[in-house]
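*Asks:* Those protein sequences? They're chains A and B, same order as listed.
If you use the working numbering, the first sequence closes out at 170, no skipped numbers anywhere.
If you use the working numbering, the second sequence closes out at 175, no skipped numbers anywhere.
Worth flagging that the hints you see were computed from the coordinates, not collected in a lab.
A portion of the hints provided could be inaccurate.
Unchecked claim - Only part of the chain B face toward chain A is listed, based on derived beta-carbon distances under 8 Å:
hint, residue
1, K80
2, K81
3, Y115
4, S116
Computed from a predicted model, the values in this text were never measured in an experiment.
Every residue gets a Cβ at the ideal spot worked out from N, C-alpha and C, and that includes glycine.
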Amino acid sequence: MALTNEHIKERLQQQFGEQVSEWEEHYGLLTFKAPAEMNLKVMQFLYDDEELRFRFLTDLTGIHYPNRASEELCVVYHLHNMIDNIRLRMKIYVPVSKPDVFTATQLYAGANWMERETYDFFGIQFIGHPNLKRILNVDEMDYFPMRKEYPLEDSTRIDKDDEMFGRGEL
Amino acid sequence: MVEIPEGYSGEGFHATSFDKVVGLARKNSLWPLPFATSCCGIEFMATMGANYDLARFGSERMGFTPRQCDMLLVAGTIAKKMGPILREVYLQMSEPRWVVAIGACASSGGIFDSYSVLQGIDQVIPVDVYVPGCPPRPEAILDGILKLQDLVQHESLRRRNSPRYKDLLSSYGIQ
């Protein structure tokens, strides 16, 4: 029997009960939310299970939802079962004041650079990561540029010559 | 062919001042070092190619080592992370050296008013000629190089030793 989204959902609910929630299916891609401290347990289950076999991490990134109180930052995992060619999306949420997430590098070696990128742009601290430092931006950067917490035009910037860009005092 | 500089001529000789001869020689044998990162680089490739033929102006071949070149052509967006590398390339060129910023990005950051993009290469190295355009056509790049040739020809031989030039370099933290 081919693996279906309904069956995956059933198996996950069997295993984790009410802890996995917010089920959605956008364009047939099964999406759910897991508690942040359970991310490795859920992924390990998805990896080890003889039926589910989600053994490839396609993508890992962050999202900032400034309006979700005390769970502003989201980490999204795209997992792929290469044998049955089924994908799923797992989201975990952490507060922006303490953005700590367990690293997935022990399970998926490919998570290494993707977690560095997510740290670089969203400031998510991946606990246990072997080398958590910026990967794309300059090392001296002291902010996380993809967070939705900056005004569109920052009047304090000094790296633009305002006079030449029409932003100077009129 | 170049025009004979002003001077005294007679049968079998021509006497003129040294800086005119040096300026003429430098002007007509600029060695370009292309530092191309994006679409302006493609336009520059067309400029080098047979249709526009940069070689007509004395820049026969690109040098891909800064140590042999005297004209740095920065074509394209320079990210902040690329800034120190560009600076290193500039530092490895020997004097006299000239810099052309090709296109809006190299000149000012262009449309990339962004956290990751250097807002003009003149934040890290001094620039002699700016070529506007996004990207500039090969004619514009040629025009920029002709403008630079003009600067090169009329540059005083003592300019690179002048306090003003040293101030310029030290304002970039060089030397």
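*Asks:* Which hints from the list above does the structure break, by number from lowest to highest?
*Replies:* Violated: none.
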